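Novice: Next come the chains, spelled out residue by residue.
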Amino acid sequence: MILGLYNYWVVVVLMMIGLYIVIAHGNLIKKIVGLTIFQTAVFIFYISMAKVDGATAPVLAEGISQYSNPLPHVLILTAIVVGIATVALGLALAVRINEAYGSIEEESIQNQDNQEC
Amino acid sequence: MLIQLPALAVILPLLSAPLCLFLRRSLLAWLFTVIASGLTMLVSITLLQQVMASGTIVYEMGGWSAPWGIEYRIDKLNAYVLLIVSSISTVVLLAAHTSIEKEIPQDRHTLFYVLYLLSLAGLIGVVITGDAFNVFVFLEISSLAAYSLIALGEDRRALWAAYQYLIMGTIGATFILIGIGLMYQMTGTLNMDDLSRRLPEVAQTRTVFAAYAFIIVGVCLKVALFPLHRWLPNAYAYAPSVVTAVLAATSTKVAVYLLIRFTFSIFGISFSFTTVPLQTIFVILGLLGIFAASTTAIFQKNVKHLFAYSSVAQIGYMIVGFSIGTTTGLMATLLHLFNHALMKSALFLALGAVMYRIGSAQLSQFQGLGRQMPFTMAAIVAGGLSLIGVPLTVGFVSKWYLVLAALENGWWPVAVLVLLGSLLALVYVWRIVEAAYFNEPPAGRGAVEEAPLGFLIPVWVLVTANIYFGMDTRLSVQVAQAAAQSLFGVSP
Amino acid sequence: MRDLFAVVMMLGIFGLLSASFFVVMDAVDVAFTEASVGAGISTLLMLTAVTLTGRLEDGERHRPMWALVVVFITGGLLIYGTLDMPYFGSADAPIHQHVAPRYIHDSMQETGLPNIVTSVLASYRGFDTFGEVVVIFTAGMGVLALLTMGSRTGIHRVMADSIFYLMHEQHLILRILTKILIPFILLFALYVQFHGDFGPGGGFQAGVIFAAAIILYAMVFGLSTARRVINRTFFKLLSAIGVLLYGGVGVVSLLNGGNFLDYNVLADDPVAGQHLGILLIEFGVGCTVASVMVIIFFNFSGRREFP
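Listed in order, the protein sequences are those of chains A, B and C. So the first sequence is numbered by our numbering: it starts at 2 and just counts up by one. So the second sequence is numbered by our numbering: it starts at 3 and just counts up by one. So the third sequence is numbered by our numbering: it starts at 7 and just counts up by one.
Just chain A, with the same shape it has in the complex:
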């Protein structure tokens, strides 16, 4: 029982580390780093599902009958691309915020905004 699900639990811990960084850190770049860790952990989770004991990579070849499940691989390929797209946009926003506020710390930005209101 423990061995059978062990892999997933490690993934859960990784995901939560990522999520914690996103919520608890005020630095905009670090938040994006957290987001990346969170998403990568989800990718690992999907890929773990696809694994079949004793099977090989899903590229058809002579003499092999067992393949790992290709569908999660396809989904994650798409998800990785979506992930990098989000990261690029997030970083672009962080750069612009730095130019506009002179800081990429959440608190400092929030303070400047509060003063303006």
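Treat the hints as calculated values from the structure; they're not laboratory data. No experiment lies behind these values; they were computed from the predicted model shown. Beta carbons are placed, not taken as given, at the ideal position from N, Cα and C, and that holds for glycine. Each hint should be verified, as a subset may be incorrect.
[Unchecked claim] To be clear about the criterion: a stretch of chain A counts as covered by chain B if any three or more of its residues have a C-beta under 8 Å from a C-beta of chain B, and this derived list gives those stretches: (1) 19 to 29; (2) 32 to 44; (3) 54 to 64; (4) 87 to 96; (5) 101 to 110.
[Stated by the list, open to error] SDA-like mimics (lysine to any residue), calculated; alpha carbons at most 20 Å apart, straight line: (6) B:Lys303 with A:Leu6; (7) B:Lys303 with B:Leu365; (8) C:Lys185 with C:Asp112; (9) B:Lys303 with B:Leu428; (10) B:Lys303 with B:Glu156; (11) B:Lys303 with B:Ser366; (12) B:Lys104 with B:Glu452; (13) B:Lys303 with B:Leu426; (14) B:Lys104 with B:Arg158; (15) B:Lys303 with A:Ile18; (16) B:Lys303 with B:Phe293; (17) B:Lys303 with B:Glu451; (18) B:Lys303 with B:Val435; (19) B:Lys104 with B:Pro393; (20) B:Lys303 with A:Asp114; (21) B:Lys303 with A:Gln113; (22) C:Lys185 with C:Leu229; (23) B:Lys104 with B:Leu455; (24) B:Lys104 with C:Thr154; (25) B:Lys303 with A:Gln116; (26) B:Lys303 with A:Asn115.
For chain A, the structure is supplied; the task is to place chains B and C on it using the hints.
Specialist: Quick look at chains B and C alone, frame taken from chain A:
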């Protein structure tokens, strides 16, 4: 060609976006975008007619049958939402050319239209698809486009709002991705129809419970359900006016659609309402949202913020209706989806006209505008009346059905609270009316002209729709009823 | 860690480690992509962003308690959810019984490609991949909308050129090596592009590698030199052309009487049609990905050049 319509609804805006990039002149790009969006609207009208006449349409992408390929499955519910999204987008676009002239630097106009089309295509893709993973992909298209559009706002706070929205939105999307993964793990399929057949077998497992929880929380982040709404007010307040109008009217509506789709079609009523204590949680959150957000709205100094908080409150009404768990309740939610889209796009677009003339949406600047911009202010008043739910406006229709549904179920406290919520709306709308009509213009402001026709026409089209559909309720009620009944498995 | 540079490098290593994990898990295509994205492009972008925004974090951690509560609830729910999951690696899990067997058994006859991942990606679920290309395109347009700067004066450009000239004067070996390397990288990109049907690889990975070659050139020879070789408008339009090529294949199949993206109708023989369709759309993916990556990189580092 008629059988290809489902694909056309998405690929029209999707392929227009890269084509639009080749157009350098702002005016050309605008015309092109209006045409693309208008054609999409025509396609959705035809689709709705077809669905109402002959039932669900299934379209297999790439010719591969589901569950191996991706299929589009259009029933009454998503045909209805498609029509809302594409028509509001088209009408709001009419004002875009005038509006962005002042708000966005000239060299980004083409990019603005490209992103606008991408956002539209993403929303339509989410609504029309019958595949759970495809939802995630198109949700991200529309979200990424929305973040960029918000960040185009003039104020530097637009950047910060867009960043916050990006973080919250991505967490939401990742939650949905986890949920889809868990569902897939238990059933082996991603097709919604197939899922709905295979999920009941494993409904009692803890994995499916977790899957449901993750999807609902993820979608609620996008819906901006209280208390997950914190990204919304700033995003709406600092985005370019046109973007606010179209996002307020479409993107949260699409998220509510997803909530309905996952709850009713995929997991099924018996799972969602008996296995999970969803009903209680949603009624409480919905009512809290109505009161907390409406009260906050009353104290806002910026009218865009005021209406943004009012949007959060209106989402509360939709959630309450849907969690009553009866056909009438769901019908009220669906009606409010349509009606709120009409009101808020009219209101935010009229605010855009005010911004265009006086460059600010502060309440203090509204003083005396009633005489200076009579048509624009009349539109805001009409929209506001609709928001309160005065008879002869669309707002009345959805509130009527909501109260009816609550009473039918014997939930009279809910009905009373819903009516009390309308009183709060009365207070915040009154503050605008008071400033605009009963105060003298502030000294130092020069003469203000009425907004240009580029604004007045789309605003008044929307206001007229607000009143027309408030009096002639046949079309919206008929479609909403049919959609609600089909979700409950009642044959009409 | 307060030093963001270290944080980003660690993230790159994390990306590389997860890529090797994917290899162990039989997901070679995913590993390829993760290695080029997680350890490559995303690290590069983050580094550029860090140089633009400052290397040290100076804020306090806020709301750590609240964050911990959220994290524990979410994590607890996930662990709870895993309890009823099929065990890791078991072949009788539902996902290996439903839907996937057809891909494994029939994809050879239906699409004629030995790499199942490619045939699912490009054909069975080709519409998802179309969405993916559009996501990347959207990100490119978003970055353009956020970071493009107005046209600069000629003096600036000359100054920047001379600075770069001075800076790079010394790195003679690096420059010669780069010149030798770049053709090979480009060749490898083409190989990955067209070999994706048989082994791991495909348009996305090829696009990233292609972009990497151009970025390498820009890093060694300076942005201004690179800009003289590479036209920005060209890349902007190329990213659109990639999407249009993909969509165009779909539209042609519509006109030929099939459904959107139904490659069977592209040629007389369905398998030949699949081949042609997959080749074309992979090429579209490659175009868009490469050009968007170049656009993103140039816009990020363009900001640094003229603060």
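Novice: State for each hint whether it applies.
Specialist: Checked hints:
no.: 1; hint: 19 to 29; verdict: holds (count 3)
no.: 2; hint: 32 to 44; verdict: holds (count 5)
no.: 3; hint: 54 to 64; verdict: violated (count 0)
no.: 4; hint: 87 to 96; verdict: holds (count 5)
no.: 5; hint: 101 to 110; verdict: holds (count 3)
no.: 6; hint: B:Lys303 with A:Leu6; verdict: 54 Å, violated
no.: 7; hint: B:Lys303 with B:Leu365; verdict: 5 Å, holds
no.: 8; hint: C:Lys185 with C:Asp112; verdict: 45 Å, violated
no.: 9; hint: B:Lys303 with B:Leu428; verdict: 16 Å, holds
no.: 10; hint: B:Lys303 with B:Glu156; verdict: 19 Å, holds
no.: 11; hint: B:Lys303 with B:Ser366; verdict: 8 Å, holds
no.: 12; hint: B:Lys104 with B:Glu452; verdict: 16 Å, holds
no.: 13; hint: B:Lys303 with B:Leu426; verdict: 16 Å, holds
no.: 14; hint: B:Lys104 with B:Arg158; verdict: 16 Å, holds
no.: 15; hint: B:Lys303 with A:Ile18; verdict: 39 Å, violated
no.: 16; hint: B:Lys303 with B:Phe293; verdict: 18 Å, holds
no.: 17; hint: B:Lys303 with B:Glu451; verdict: 23 Å, violated
no.: 18; hint: B:Lys303 with B:Val435; verdict: 14 Å, holds
no.: 19; hint: B:Lys104 with B:Pro393; verdict: 37 Å, violated
no.: 20; hint: B:Lys303 with A:Asp114; verdict: 15 Å, holds
no.: 21; hint: B:Lys303 with A:Gln113; verdict: 18 Å, holds
no.: 22; hint: C:Lys185 with C:Leu229; verdict: 16 Å, holds
no.: 23; hint: B:Lys104 with B:Leu455; verdict: 15 Å, holds
no.: 24; hint: B:Lys104 with C:Thr154; verdict: 19 Å, holds
no.: 25; hint: B:Lys303 with A:Gln116; verdict: 15 Å, holds
no.: 26; hint: B:Lys303 with A:Asn115; verdict: 13 Å, holds
Violated hints for the displayed structure, listed by number in ascending order: 3, 6, 8, 15, 17, 19.
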